[in-house]
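Residue numbers (our numbering), protein chains in the order written: chain A, 31 to 356; chain B, 251 to 564.
Bear in mind the hints are in silico, worked out from the structure with no lab data behind them.
Now the in silico label distances, taken between C-beta atoms and shown as ranges:
#1 A/Leu110 - B/Arg380: 26 to 34 Å
#2 A/Thr113 - B/Phe369: 19 to 27 Å
#3 A/Lys225 - B/Ala267: 55 to 63 Å
#4 B/Glu455 - A/Thr113: 24 to 32 Å
#5 B/Phe369 - A/Ala167: 39 to 47 Å
#6 A/Arg150 - B/Phe369: 21 to 29 Å
#7 B/Glu343 - A/Arg150: 55 to 63 Å
Computed cross-link-like contacts, DSS-like style, restricted to lysine-lysine with a CA-CA straight-line distance of at most 27 Å:
#8 B/Lys473 - A/Lys94
#9 A/Lys158 - B/Lys473
#10 B/Lys473 - A/Lys152
#11 A/Lys282 - A/Lys293
Using N, Cα and C, we set each Cβ at its ideal position, and we do this for glycine too.
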Amino acid sequence: MTADILKITDLSIHYDTPRGALKALRHVNVSVPRGKIVGVVGESGCGKSTLISTIIRLLANNAKVASGSIVFDDQDLLALSETQMRGLRGTDISMVFQDPMQTHNPVLTIGRQMTDIQYRDKSTTAEKRNRAADMLALVGIPDPVQRLDQFPHEFSGGMRQRIAIAMALMARPKLLIADEPTTALDATLEVQIIKRLHELQAEIGCSILFISHHLGVIAELCEEVVVMYAGEVVEQGSVRDVFHSPSHPYTKALLDCDPGHIKEKTRSLPTIPGEIPDLVNLPAGCAFAPRCSQVFDACRSNRPAWNECKPGHHALCHLAETETVS
Amino acid sequence: MLKYVGKRLALAAVIAALSVTLLFIIIHLIPGDPARTMLGPRATPELIADLQLRMGLDQPLPVQILIFFGNMLSGDLGMDMFSNRPVATIVFEQLPHTLALIFASIIWSAVLGIFLGCFSAVRRNSLADRLTGVLAVSFIAAPAFVIALYSLLFFAVELRWFPAIGAGEPGDIGDQLWHLVLPSFAIGLSWVGYIARLVRASMLEIMGEGHIRTARAFGLPEKWITYRYALRLAILPTITVIGVGMGFLLSAAVFAEIVFARPGLGKLVIDSITTRNYPVVMGSVLVSTILFVASTTLSDIVNALLDPRIRQSS
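Work out the full structure, taking the sequences as your base and the hints as a guide.
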């Protein structure tokens with residue numbers, strides 16, 4: 031048994047577009063150790079969603095895997111048949127999606143949806159309902175038995191997200207993928223959900239791949255963090271290392287933009303100037319070079335290497351190399 | 251739910267009352283005096299006055315409408331001046347034939363149309379989807395009376411598989427169903443295409459929604475997702491369209507009843523218009539109107555049964 035529940039190696043995903051191949055992911059390496067929570071941060075369009083769609087193999091039809099492997103619990107997910115893959119979904123790998131208002135079928139009761147996902151189980155409907163009610167109680171839904179017969183629109187957004195977490199954890203998965211589960215919720219709810227998720231993770235002992243663009247949440251919840259930019263992993267390390275001594279200028283800029291880090295009152299929040307590069311025609315050197323404040327000649331012509339800043343802390347930057355040398 | 255049904259039924263009653271009033275006024279706007287028209291050019295003024303009195307035409311219009319409503323509620327749609335039989339009896343003799351025709355058409359076309367729509371949607375942009383699309387559009391484009399004539403010529407006259415005319419022996423259900431095949435085929439065919447396109451479009455929309463992705467992420471079987479999760483939502487607009495479509499089916503039934511010489515409301519209306527039998531025209535159009543209001547109301551109630559969001563919004 032390997033130490034990592036999920037090991038993504040050299041993964042590249044291209045989308046067929048009328049303009050040519052859109053290189054949404056390029057040589058991505060991400061590992062999730064067993065029982066750990068790994069956070070993925072990055073702005074919109076950095077490839078976070080493509081990454082998770084690839085892991086659960088629910089990619090759009092025009093996407094194709096250009097290179098790489100995804101090893102989950104000692105089997106390569108990309109080599110599995112569709113039936114084998116479906117056997118893993120909802121049992122060993124579960125997902126919580128971003129928008130709780132869209133997560134549930136609006137015309138079926140919560141109870142029906144929660145018993146349906148236990149369809150592989152041979153137990154009676156009453157037993158399945160009991161298990162569903164227990165899970166609802168566990169995520170803090172009051173009167174769970176009565177509420178099983180209600181429809182999604184009768185619950186608030188925060189409750190629906192808790193129901194989604196209950197559904198995802200009901201089968202006690204080995205890996206939970208949470209795609210910005212708190213983005214659509216307000217700040218108080220966010221804290222509650224994160225706390226509950228942390229408790230349940232400790233109890234079940236599963237690993238979590240937690241996608242977010244909220245740096246505070248990542249710092250609160252995760253041990254490891256992966257920073258993505260324009261389809262590449264640009265920095266990876268422990269939350270402490272990455273957030274306290276960021277090596278990649280993009281991570282630094284991202285931290286500077288976090289409202290939690292700004293000490294003085296300002297009228298306008300800081301932003302990173304420029305835009306994400308065109309993923310069809312990528313720049314020759316570093317993808318972040320056009321927006322980087324510390325750019326120099328080598329950045330525009332040479333692709334930076336995956337440099338180790340200190341053990342377990344890597345960055346995709348020419349500067350990280352010089353830092354280690356000096 | 252009961253509250254919703256109650257509200258919807260009250261609304262239906264108001265709509266029915268308004269449309270019947272409108273119908274009454276429109277008939278009265280037609281130039282010429284019904285009594286004079288019915289009695290012909292050589293009628294004496296005394297005869298005309300007598301008939302006007304019997305038909306209640308001497309009263310002012312609002313009073314006539316009120317009397318008409320009063321009679322209608324007690325099931326009296328007036329007398330047919332030619333056969334001296336109550337209009338209600340004549341209309342309700344013909345109504346079952348038309349209802350059978352409409353229901354047969356809508357049931358077979360809905361079943362086939364929904365199946366084709368799902369078939370296309372899950373095979374989006376494949377050759378099978380494109381072929382179904384072409385087929386569906388040609389069904390929509392073909393007028394019911396053309397289909398009626400050609401199916402009559404081909405299946406009844408040439409191949410002799412089905413009877414050409416009539417509604418079958420009274421009391422013999424099998425024979426009556428046998429006589430329904432060609433007419434319901436003729437007026438249902440364009441509905442197959444229409445429903446197939448509609449179901450395909452709404453299925454594609456629903457299949458792209460977040461909850462379907464959730465169902466897939468939990469590894470539910472794809473057939474299950476299509477028929478139990480997506481179709482249940484995608485069917486809702488189709489039910490509304492079928493409810494409204496009853497109106498179009500009623501007018502399509504007129505053609506089918508003429509072509510296949512079937513008894514029915516459509517044939518009754520045409521026959522009564524050619525003989526200027528106004529009470530019967532009025533009676534059959536009135537029943538058709540109420541039928542239309544009833545079918546739209548029923549489709550709303552079915553929608554509410556299937557969608558808790560509608561049921562609980564009131």
